[in-house]
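Assemble chain B onto chain A, guided by the hints.
One letter stands for each residue in the lines below.
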Amino acid sequence: MKVSLSSRGSFRFDGKEIPFTPGQTIMDAVLAAGEYIPHLCHNPEFAPHGSCRVCVVGVGGRQVSACTAPAAEGMVVDSSSEEIQGTRRAILQMLFVEGNHICPACEKSGACQLQAVAYYTGMLAPHFTHFFPRREVDASHPDFIIDFNRCILCELCVRASRDWDGKRVFGISGRGLASHLVIDSPTGRLGDSSFAATDKAAHVCPVGAILPKHRGYEVPIGERLYDREPISLVGDVAAHEEA
Amino acid sequence: MAEKIRVATASLAGCFGCHMSFLDIDERILDLVELVEFDRTPITDIKTIGECDLGLIEGGVANAENVEVLREFRRHCKILVALGACAVNGGIPAMRNAFELKDCLEESYVGGVGIYNPGIPNDPEIPLLLNKVHPIHEVVKIDYFLPGCPPSADAIWTFLTELLAGKPIDFPYTQIHYD
Chain A
1 MKVSLSSRGS
11 FRFDGKEIPF
21 TPGQTIMDAV
31 LAAGEYIPHL
41 CHNPEFAPHG
51 SCRVCVVGVG
61 GRQVSACTAP
71 AAEGMVVDSS
81 SEEIQGTRRA
91 ILQMLFVEGN
101 HICPACEKSG
111 ACQLQAVAYY
121 TGMLAPHFTH
131 FFPRREVDAS
141 HPDFIIDFNR
151 CILCELCVRA
161 SRDWDGKRVF
171 GISGRGLASH
181 LVIDSPTGRL
191 GDSSFAATDK
201 AAHVCPVGAI
211 LPKHRGYEVP
221 IGERLYDREP
231 ISLVGDVAAH
241 EEA
Chain B
244 MAEKIRVATA
254 SLAGCFGCHM
264 SFLDIDERIL
274 DLVELVEFDR
284 TPITDIKTIG
294 ECDLGLIEGG
304 VANAENVEVL
314 REFRRHCKIL
324 VALGACAVNG
334 GIPAMRNAFE
344 LKDCLEESYV
354 GGVGIYNPGI
364 PNDPEIPLLL
374 NKVHPIHEVV
384 KIDYFLPGCP
394 PSADAIWTFL
404 TELLAGKPID
414 FPYTQIHYD
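Those protein sequences? They're chains A and B, same order as listed.
Taking our numbering, the leading residue of the first sequence gets 1, the next gets one more, and so forth.
Taking our numbering, the leading residue of the second sequence gets 244, the next gets one more, and so forth.
Bound-form chain A, shown alone (with noise of 0.2 Å):
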């Protein structure tokens, strides 16, 4: 798309000018010049979902999500109060506690993407009761495992097997609090499904959900993504994985 000069805007961003072209959200434009929002399940290269509102930031008064609210001219954006940065931890702590997140037993501790954000908005603890549901871990494919204690349903597989592999191996079943993750397969299992090593599904998790078999400490602990410098330095874990 051609875009004129006379057609682009600028917003305040933390007291940062920060340039626009219509069309962009609020996230397009922070990351294009340099910047960081927290955010779990927005991928730049899958279409916004706005479902994990971690990117929450404040316009207005208002409280918006960055990966799905439009850039405005003269919008003034507060991304580092401790007002934004208290409701991202408190969204954080209730992914924390509704999932079973034991980092020390998982092989991606250290480039994750809800624990580095969780750093990044300084949680240090969950808060919250937990609830530790009891979920299914399903080893039956060759090179892949799922851990569904893991899962924080940011559809971001869902999106890469239906939008990019063209399969549609995983979707979200039930609703509110029984909503989970389930595989199109006769038995259900990731072994009996279409799912491939090189579909673009398997590099786009954030988490430690799906992972892939045999290399789990390839990286040692303490030189991992993660481990020395914060996620607004570094960037998504899904941009440094070869698909």
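In case anyone wonders, no lab produced these hints; they're calculated from the structure.
Do not take every clue at face value.
[Claimed, not checked] Which stretches of chain B does chain A cover? Using the computed rule of at least three CB atoms under 8 Å from a CB of chain A, they are:
no., region
1, 321-331
2, 374-382
3, 388-396
4, 415-421
[Claimed, not checked] Here are some chain B residues pointing at chain A (derived, C-beta under 7 Å):
no., residue
5, 335
6, 338
7, 340
8, 341
Idealized CB from N, CA, C, for every residue including glycine.
Just chain B now, with coordinates in the frame of chain A:
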């Protein structure tokens, strides 16, 4: 000289790794004992707790004795701290929450590999297990949380020195991790 800060520590359903990490502050412990007096802790081997300013709790709550010790610490400590992943969210021991307690016991003492004299221990001196392992903030109010498996000696040192100095506690990025 001002009276020393009294510190107590305990390991509940943990592995003592957090206490080992605490000892990894190495010779800095000499600076620490200038400021603090250790009360009940595995380091002094004192078994009963007195009135304390600070309590550090490692491990989650897995049995009736853990509940009793934790409540006793809460009663006697002005500030109570969850030290490490298990105290913060249950950690590795909480992975048993994915199973019925009965199944865990039968796997360990009845039907598991290499078991002699099968039978679930029931001596009255053995604390009764809870159905689930809980983070300590689900049992008593906790004032500070220091995550990590274990929190590094440097993180523990930052926490203690800034707390004792009465400052807001500010950790460098690399000192806060959940693993």
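Here is what the structure says about each hint:
1. Evaluation of the coverage hint for the region 321-331 of chain B: fulfilled, as 3 residues show C-beta separations to chain A shorter than 8 Å, against a requirement of three.
2. Only residues whose C-beta sits within less than 8 Å of a C-beta in chain A count toward coverage, and the region 374-382 of chain B has 5 of them, enough to reach three; the restraint holds.
3. With a cut-off of 8 Å between beta carbons, the region 388-396 of chain B has 4 residues touching chain A; three or more are needed, and the interface restraint holds.
4. Beta-carbon proximity to chain A at under 8 Å applies to 5 residues in the region 415-421 of chain B; the threshold of 3 is reached and the given coverage holds.
5. Checking residue 335 (chain B) against chain A: minimum C-beta separation of about 6 Å stays under 7 Å; hint holds.
6. Nearest Cβ of chain A to the Cβ of residue 338 (chain B): about 6 Å, under the 7 Å cut. The hint holds.
7. Among the interface hints, the one on residue 340 (chain B) holds; its C-beta lies about 4 Å from the nearest C-beta in chain A, closer than the 7 Å criterion.
8. With its C-beta approaching chain A no nearer than about 6 Å, residue 341 (chain B) sits inside the 7 Å limit, and its interface hint holds.
Going through the hint list in order, the structure satisfies each hint without exception.
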